[in-house]
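Could you put together the complete structure from these sequences and hints?
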Amino acid sequence: MAETPSGGPAGDPQGERLPPMQLLLDNPFLLLFIGVAVPAVLYTIWGVMEVAQIPVAQ
Amino acid sequence: MANAAAFRVCPETGLKVCHHAEILIKANAVVAVVFLAIGGLFGLLVALTRWPAVHILPADLFYLALTAHGADVLLFWIIFFEIAVLYFASAVLLNSRLAAPKWAWFAFALMLVGALMANVAVLQGESSVMFTSYVPMKAAPHFYLGLIVFAVGALIACFVFFGTLVIARQERTYEGSIPLVTFGAVTAAVIAVYTIASGAIILIPTFLWSVGIIPHLDSIMYKVVWWGMGHSSQQINVSAHVAVWYAIAAMVLGAKPLSEKVSRTAFLLYIAFLQLASAHHLLVDPGISSSWKVFNTSYAIYLAVLGSMIHGMSVPGAIEAAQRRRGLTQGAFDWLRRAPWGNPAFSGMVLSVIMFGFLGGISGVVLGTEQLNLIMHNTLYVPGHFHATVVAGTTLAFMAITYLVVPLIFRKEIMFPGMARWQPYLFGLGAMGISFFMMGAGTLGVSRRHWDMTFADAVLKFEYPPAAFLMMGLNGISALLATLGGIMFIVIVVGSVFFGKPRDEAAIKRNPVIGPSGGAAVSQYGGEATFNLPGTTILVAVFFVSFVLYYFINWKYLSEVWPLR
Ligand code: HEM
Ligand SMILES: [Cu+2]
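Respectively, the protein sequence lines represent chains A and B. Here the first sequence stands for residues 1 to 58, where the numbers follow this note's numbering. Here the second sequence stands for residues 59 to 623, where the numbers follow this note's numbering.
These are computed hints drawn from the structure, not numbers from a lab. Cβ coordinates follow ideal geometry from the N, Cα and C atoms, glycine included. Treat the hints loosely; a few may be bogus.
[Said to hold, decoys possible] Now the in silico label distances, taken between C-beta atoms and shown as ranges:
no. : chain 1 : residue 1 : chain 2 : residue 2 : range
1   : B       : 432       : A       : 48        : 18 to 26 Å
2   : A       : 52        : B       : 553       : 51 to 59 Å
3   : A       : 52        : B       : 432       : 21 to 29 Å
4   : A       : 53        : B       : 480       : 54 to 62 Å
5   : A       : 48        : B       : 273       : 16 to 24 Å
6   : A       : 37        : B       : 387       : 42 to 50 Å
[Stated by the list, open to error] Here are a few chain B residues that sit away from chain A, every Cβ distance over 10 Å (derived from the structure):
no. : residue
7   : 189
8   : 382
9   : 513
10  : 516
11  : 577
12  : 578
Here it is in structure tokens:
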């Protein structure tokens with residue numbers, strides 16, 4: 001059951017459909033989007049909003 | 059000259075090596091090693107100061123040395139080396155030309171200027187803010203500016219990497235999907251982009267504040283955004299050194315990953331979740347909700363920890379599979395006993411896997427648990443933990459692959475091969491010692507970043523238990539050992555690169571560094587087709603038992619801090 005690549009890098013000449021997971025893993029810019037968006041929302045934006053809501057001392 | 063790329067064909071791996079990529083790898087690696095040498099010596103001074111019987115530096119110089127140590131090793135050594143890894147994993151492994159070599163040189167120049175600027179600022183003595191530079195402590199403006207310039211350079215280098223991926227795909231220099239090592243490098247580069255963006259968002263205002271343009275910065279706001287950089291950059295290291303583990307196993311033993319899909323999914327877990335762990339640096343800060351803390355450090359991060367466990371099993375598994383394929387099938391561990399333990403690339407990699415997992419990984423999960431964190435927050439347990447990850451893990455892995463980079467990219471014979479055999483063991487033992495003893499001292503409450511653990515001139519007296527002093531002495535001795543291993547590394551690398559014998563055909567025959575089908579294993583998609591791995595299964599079981607035991611021991615410690623009666 002050796003794994004072999006099932007599609008060419010730039011699309012695939014036979015028009016064979018690639019599994020969605022492989023399309024994701026083969027697309028560095030989609031990965032870049034995920035890797036920036038997820039922490040930006042869950043860590044940075046959520047965290048900054050919480051800090052911003054702390055009342056300022058008089 | 060923009061597109062005219064010159065190539066040579068590597069006689070050992072059969073890969074096409076782009077001339078630009080090759081010199082840029084050399085330049086980045088050499089500068090990295092210089093910063094390791096400088097930063098390592100500062101580390102020794104810090105450790106000797108924290109050894110109560112030696113206590114070598116006065117207080118002000120201690121904090122200066124601590125700042126220089128953190129910046130030179132954690133930022134400059136590691137990131138310069140990582141850029142070399144990115145160029146190797148893109149241009150070389152994909153048989154491609156490097157995108158925009160001029161931009162790559164510009165990136166290199168910016169990084170170098172930035173790193174020098176920050177070093178000058180620290181050595182002038184007005185910037186002993188440690189590498190976290192928490193506001194309202196204020197450093198000289200050129201300290202922040204140096205870091206910003208360095209970061210811009212590193213960001214450009216990341217885009218040269220992405221550009222090279224695009225070129226390689228367009229010019230069809232490889233077939234199918236990119237190799238796993240390149241995928242690991244993609245992971246590192248993705249995390250680097252988020253890291254550097256966070257750095258820019260926080261360091262630019264901090265710079266403006268240091269020159270008086272912005273009147274005030276909120277200290278918690280600073281910490282939230284700063285750790286988006288400070289912690290995530292450790293995750294660049296993890297991704298990069300895991301890629302290096304796979305690369306060494308492939309090149310030395312011809313080991314292919316057990317399953318491409320599983321290993322890639324593990325990297326995907328890193329991409330999506332690893333950076334969230336930044337929140338563990340704010341576990342005791344007021345004003346931020348437990349939901350944010352617990353979500354980011356527990357629920358989500360355990361997915362990333364899962365990724366690490368997959369790699370931790372997959373790397374030894376790949377080695378075992380390759381060795382068994384070669385006929386070392388006796389018993390559970392014959393493959394391990396008869397591995398090339400005298401090859402520093404291999405031994406360094408294995409030590410890195412073991413210490414990263416057992417020391418760094420387990421202590422990291424413990425520290426990242428909100429409740430358990432309370433018993434060691436800001437103690438020496440923290441530097442103990444991260445010396446296991448970034449020194450025993452990343453630094454040792456990078457040292458190990460240097461033993462392949464010197465013959466393959468610099469095309470020089472390794473000088474002092476006898477010393478090279480021992481270097482990873484010595485450095486590894488020292489790194490293990492500093493990690494282990496700092497964790498020990500931290501468990502006894504000794505604080506990190508503290509010049510005098512005897513509190514000699516304090517108004518309110520306090521005494522640590524004598525065992526803590528013993529730990530710091532043992533830490534000092536381990537630091538000497540690690541420094542010795544570090545100096546050996548520098549001597550071997552500098553000696554080989556600048557004075558070594560060129561690696562001609564005779565040398566390649568006499569002393570091959572690439573194992574059978576190693577060139578193909580590292581540069582092509584495809585996994586080992588077996589899960590018959592009794593040795594690895596036993597090792598993984600040992601790991602889990604240690605993990606669970608240690609985790610529960612710490613809950614027991616916690617229960618003793620506030621006894622419930
Ligand atoms: C010869 C090897 C090394 C020795 C003896 C050493 C020793 C130490 C010691 C004793 C501390 C201070 C702990 C404290 O007082 O809080 C420290 C801090 C630190 N070390 Fe190392 N270290 C070494 C190598 C490294 C390497 C290779 C890295 C990174 C790749 C590293 C990263 C750091 C960082 C980031 C800090 C924290 C600085 C801060 O608190 O601002 N060290 N090291
Ligand atoms: Cu962290």
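We went through each hint and held it up to the structure:
no.	hint	result
1	B:432 / A:48: 18 to 26 Å	holds (25 Å)
2	A:52 / B:553: 51 to 59 Å	holds (55 Å)
3	A:52 / B:432: 21 to 29 Å	holds (26 Å)
4	A:53 / B:480: 54 to 62 Å	holds (57 Å)
5	A:48 / B:273: 16 to 24 Å	holds (20 Å)
6	A:37 / B:387: 42 to 50 Å	holds (47 Å)
7	189	holds (20 Å)
8	382	holds (15 Å)
9	513	holds (32 Å)
10	516	holds (30 Å)
11	577	holds (17 Å)
12	578	holds (13 Å)
The structure shown violates none of the earlier numbered hints.
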